[in-house]
Amino acid sequence: MISDLPYTDEHNIFRASARKFFETECAPQQPAWEEAGMAPRTIWARAGEMGFLCSRVSPDHGGAGGDLLFSIILLEEQVRAGAIAPVLSLHSDVVAPYLAAYGTAAQKRAFLPRMVSGETIGAIAMTEPSGGSDLQAMLTTARRDGDDYILNGRKTFITNGHSADLIIVAAKTDPEARGKGISLFLVEVDKVQGFSRGRMLKKLGQHASDTAELAFEDMRVPASCLLGGEEGRGFPQLMQRLVEERLMTAVASMAMIDRALAMTIDYVKGRKAFGQRIADFQNTRFKLAEAKTEAAVLRIFLERCIGDFMEGRLDAPTSAMLKYWATEQQWAIIDDCVQLHGGYGYILDYPIARMWLDGRVTRIYGGANEIMKDIVGRSVASAARHD
Amino acid sequence: MISDLPYTDEHNIFRASARKFFETECAPQQPAWEEAGMAPRTIWARAGEMGFLCSRVSPDHGGAGGDLLFSIILLEEQVRAGAIAPVLSLHSDVVAPYLAAYGTAAQKRAFLPRMVSGETIGAIAMTEPSGGSDLQAMLTTARRDGDDYILNGRKTFITNGHSADLIIVAAKTDPEARGKGISLFLVEVDKVQGFSRGRMLKKLGQHASDTAELAFEDMRVPASCLLGGEEGRGFPQLMQRLVEERLMTAVASMAMIDRALAMTIDYVKGRKAFGQRIADFQNTRFKLAEAKTEAAVLRIFLERCIGDFMEGRLDAPTSAMLKYWATEQQWAIIDDCVQLHGGYGYILDYPIARMWLDGRVTRIYGGANEIMKDIVGRSVASAARHD
Amino acid sequence: MIRSRHYTPAHEDFRQTVRRFMERECVPHRDEWQKAGRTPRELWLRAGKAGLLCTKVDSRFGGGGGDLYHALIIIEEQTRICFNELTFYLHSDIIAPYIELYGTEEQQARYLPRLAAGEMVAAIAMTEPGAGSDLQAIRTTARPDGNGYRLSGQKVFISNGQVANLICVAAKTDPDAGARGISLFLLETDGADGFVRGKNLNKIGCKAQDSSELFFDDVRLPPEALLGGAEGQGFAQLMLRLPEERLIMAMSAVANMEEAVEETARYVGEREAFGQPLSDFQNSRFKLAECKTKARLGRAYLEHSIDSFIDGDFDATQGAMIKWWTTQRQYEVADECLQLHGGYGYMSEYDISRRFADSRLGRIAGGTNEIMKDIIGRTL
Amino acid sequence: MIRSRHYTPAHEDFRQTVRRFMERECVPHRDEWQKAGRTPRELWLRAGKAGLLCTKVDSRFGGGGGDLYHALIIIEEQTRICFNELTFYLHSDIIAPYIELYGTEEQQARYLPRLAAGEMVAAIAMTEPGAGSDLQAIRTTARPDGNGYRLSGQKVFISNGQVANLICVAAKTDPDAGARGISLFLLETDGADGFVRGKNLNKIGCKAQDSSELFFDDVRLPPEALLGGAEGQGFAQLMLRLPEERLIMAMSAVANMEEAVEETARYVGEREAFGQPLSDFQNSRFKLAECKTKARLGRAYLEHSIDSFIDGDFDATQGAMIKWWTTQRQYEVADECLQLHGGYGYMSEYDISRRFADSRLGRIAGGTNEIMKDIIGRTL
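Chains as they are written, first to last, in the working numbering: chain L, 62 to 448; chain G, 62 to 448; chain D, 144 to 523; chain Z, 144 to 523.
Possibly wrong hints are sitting among the right ones.
[Unchecked claim] Derived Cβ-Cβ restraints for the label pairs, each shown as a range: (1) L:E96 with D:D454: 52 to 60 angstroms; (2) G:K263 with Z:G273: 32 to 40 angstroms; (3) G:G331 with Z:R521: 23 to 31 angstroms; (4) G:K263 with Z:G208: 38 to 46 angstroms; (5) G:G331 with L:F335: 22 to 30 angstroms; (6) D:A179 with L:E180: 38 to 46 angstroms; (7) D:D454 with G:I74: 24 to 32 angstroms; (8) L:D376 with D:R167: 55 to 63 angstroms; (9) L:D376 with Z:G208: 37 to 45 angstroms.
No wet-lab data here; the hints were simulated from the structure.
Glycine included, each C-beta is placed from N, C-alpha and C at the ideal position.
If we strip away everything but chain L, and leave its shape as in the complex, we get (with noise of 0.2 angstroms):
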């Protein structure tokens, strides 16, 4: 894969060892991980010791201080693997970095070590049953008693809910407000009462990792839990990470897209059908041209949009256009590649059937690609009425 990004040294080496990481310790238990419908902390403590967690997170809180490329190198590698699980992404891009942007100097010192080192898991709470990607309709509530805030509420397609053990929990402060009500909390779940947590989310694809729906009932959290000690800074906290969170979305769309083109020029070179080379027929050389050229214009544009997010000029539309075409390409190129595999296609056995089911699901979060269109739609409208 040719790549613009400035890469050093540093990051190939620590790719290198991503890339033996996620192959030799990761992707021969992803069949275990499915049958347990999660991967074990053990392996998030080995992932830790290997410096795989929080690569971003600055030495004063045991991080390595490293770059955004630190963070698409891994993604990149636990895609090429075929490593669902675990599920690092979250807890590394996601999570953490709430802590590091807009946490205390307290709540990092308590959680970012642990997170680093995979003692702590985290995971995020802010769909609801009844909201899906409308924040603002949330219900979940955190009412303010005394010292603590009492939450009550449900969750749901929470990834790492069940392995987690911080949990970052969206809930309304002023129950009044829309997104001014929004309010984050850090909630160590071990520590408090009225948490429970939903059966297993059986799902399409993605079965090594976990989704959870999550209860709370008059759950009681010291005020000390409220993310950057201040209310109703939830919604511009969230709206703030949406770009970078689209921004790796798209870079494991990309990854998916190299591992299932490479995979299929490899099966249409070495099958026969009606005495040539699958390889040979017209129609695949044709599907294969077309899936290298939108691969070869993916990756230009995603580069480019990594290179202005470095700068700080990635604004949020054009994020959600490289989310929803990245997610659309990476979906119609499997597809293509699925058929090309005729009846092995279809075989769980195959990688490229299992890339089809899992891959399913990235049209739909970090927000559906129908929200990036209004987001994109909207920007347009709007410009050309300031015009």
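Given the coordinates of chain L, assemble chains G, D and Z onto it according to the supplied hints.
Frame of chain L, contents of chains G, D and Z only:
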């Protein structure tokens, strides 16, 4: 073309003479008529003489009293011959039916015989510059004044607008009311003051058919011009006619598909590239296989809709499905056919290029396909609600 | 209700029987069988007793003496309960007809009653690892041995491969004769030395339908095992049946589209987002409109094709057309409907997630859609 | 503004010059020239005087001594005013470079200054009625005649065929040698006996760009007419230039997407239907979002490719990729944007109708997109 429709010998004889008429008397004239931007009155008179106008009007008014199949045959043969003009179907199958269905005895007597003979050319004026497909937002008004109505307003995209001597004008007799306020008027444009035609609208294609902007400034018409003699019936009258109009649009699209496929199959069999017939490339075979299948599916659905319509049980959502699907398929197939023609597909000496340009309008007129999808979508959603 | 010329109220009565059977005997076990990756033999016996097997086979062989509609009704009803992988049609309407149409009197008498009763479960073994859809390239051979044959080779993607005890195997009796060298054999698996079932393949969807590799290592076949008693008929026998088999696939595709649209219309009507029901979003309505239109076209197309089939003018090209078109549309509709379900669409508890996973098979199975287009393209 | 490594403010100054020229010299005549189906010779002289021709040609030949950006800027600016069919790039950046790169000193000295001044207008004649994109199959021959050649054959789809007085003709000097038998000749049309221009072809769009059949009946060519003075170089000469030519096509495609989106965003913001601006309909916003995304990807893709090209690692495969991708997307965006204009989209007074008609050419011209995919497919 295989058909399940109940064609009789009479229909087949009619088809033969229609084919001859369009091939020998219309098709060769298209370039000249394109230059002029419209077809001459003489061809209308000739069509009347041949019995190709208003073939469904009852004998009492000089018509042949034929069934829908005669209209379908005429439309199919006109498309087959590649004759854009004159736009007989608008005159015979859109305008005349308003008179036949809703006109008073006097109105029928006054106009139908002359429409059958071609002495009178009909058009209908609904769309307004501001309004698009939103009829209820119509701004044209008809104010009662003694025994007259005084019309003010503007219309646009009026097919046959320059040729027509009789124009059915939709106007609001009650500007306050939305749909209920609309009435239709039979306007003999040579007999009124305050009527003016704008310049001939220049279009992307369909150059041989005239499209006009119309303006009414204190245009006074006798009350006897009110279609059916009763105010406020316009909207339901328009709505009732839409199902048949969508059906006929689909008939035309189907005929375009048949024509485009026939000429493209000839073309790819006749030409070579890189040492083999274009027809022998897998990409060509796949594209044509897809097109032939889509054509077969569409014909089956279309003929079922025609059958249901003739039995009075074709509902509005189904007709909307048909219009949207037929025009989208027509478009996609003609576009593929252009591509299979290579460079010649872009040259207007080749009918396929002309069909592409002329055909682009069908996804827009007769209610844009977005409107069709909205009609279907609402019906699906509401059906579910009423389960 | 199928809108087709010879469809009668009696067929609707049969539909009620089927629906009751599905509700009672299948729905309660769906998850369990999907987990097991196969259906139990008892199901087949119950289905036989209920008259759901071999509905088209002549009653003198214990069949239902019915027609194509009976097969279609079973497909339609199992689709309604989102149980696409029940393989009664394979047993009753693909394999049994080979025996009824091409078999010797002995073969008819020996097998059809047991298939109708569900005492025997049938599978057909055509596809091979190396050959894919290219039947003429199969390598499995049946070489003469005494008055019988010795069967050697390997098959893959064999539905019912785990449960079947009667397997119709395509093999070359004359390896040099191409299509004319292919014959079909009826292999009774009980006590067949050298016959080994591979592991049950884990598929994207259709979980309760077992699918296997099969291995034949010099398996002894008596002369009576040769279908119809004459060699070299296999290819023609298989080809002749394809159009009907593709109609049955199309029925499944169309019914799946209809169900997906209905389920999704309900879902977007009930769910709210940003303060309004999902059905108030124009995108939801437009996507539903597109899906509904595909379903309606598919239904009209299918019903018309059924009539053509009954009139005897539904040929291989038409079979190829309806197979690719309906399975492609089924997939598009399932994908769009899943998307309209948002996060819930990815959760197994919603039928749409199963319909989606199942739908991916149609574009591949029964000859890939690329093969279908090739067949059509050659007739231009 | 092109976001590319070596793009400088000086380029933006040049852009202003171009924009002024387009506004003053082209916009007022657009309809007239489109009606005429060609551009007048005066335009070329004015363009030469304004420094818009041969911008990349070395200044010692009277060229602008510029770089690729100058060519791209002209394309971008003519697209802004919806005048896709101005063929300066063909004259300046496709044909002149053949002479500058491959021509003899005499050829350079004789033609480049006149091309730069617009005194001569150039065309290139490759495609033939029978051959399409298959260059090796051309039948036009240049057979030795004394110390010169006799040119015989027929060409089609030749842009500038009507206005050009210098035509670069691809012909076989060795009919049996395939690609190696092809040579390029510089034909001065004034007083060339046996040279006949066919009628100006009436196209779907790009109306002001003349496109013709050309006929060569034993046309006498002096030895100096052979480009570079050596036979059999034609194929290699043409191939070598393709990647740059395809970058230029891509620039046009990308700029057209951007303009179409902007025009349409304005339109749906201003127009109302059912009591609300069209931009309030979710479908309008979603379609605009899809179009905008394609335009943004296209821009990033193009700019990246420009940098690769400047770094010397933009090969034939990459040229094929960017050609099909950008022209395909351009077409999709134009079609969608026309649709969002409703009835007005079909009216010539709206630029979108021209952009749409023009956009259909990109998928065909410069090698059909099927050819592009074939080129890419072969590299797998």
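We went through each hint and held it up to the structure:
Between E96 of chain L and D454 of chain D the beta carbons are some 53 angstroms apart, a value that agrees with the proposed interval 52 to 60 angstroms. Distance hint check for K263 of chain G and G273 of chain Z: the Cβ-Cβ separation is about 36 angstroms, which falls inside the suggested range of 32 to 40 angstroms. With their beta carbons about 27 angstroms apart, G331 of chain G and R521 of chain Z fall inside the hinted range of 23 to 31 angstroms. A hinted range of 38 to 46 angstroms holds for the C-beta pair K263 of chain G and G208 of chain Z, which are about 43 angstroms apart.
Between G331 of chain G and F335 of chain L the beta carbons are some 27 angstroms apart, a value that agrees with the proposed interval 22 to 30 angstroms. Taking 38 to 46 angstroms as the suggested C-beta distance range, the pair A179 of chain D and E180 of chain L conforms, at roughly 40 angstroms. For D454 of chain D and I74 of chain G, the hinted distance range of 24 to 32 angstroms is satisfied, since their beta carbons lie about 27 angstroms from each other. Between D376 of chain L and R167 of chain D the CB atoms are about 58 angstroms apart, so this pair conforms to the stated range of 55 to 63 angstroms.
A hinted range of 37 to 45 angstroms for the beta carbons of D376 of chain L and G208 of chain Z is consistent with their spacing of about 38 angstroms.
Against the hints set out earlier in the document, no violation occurs for any number.
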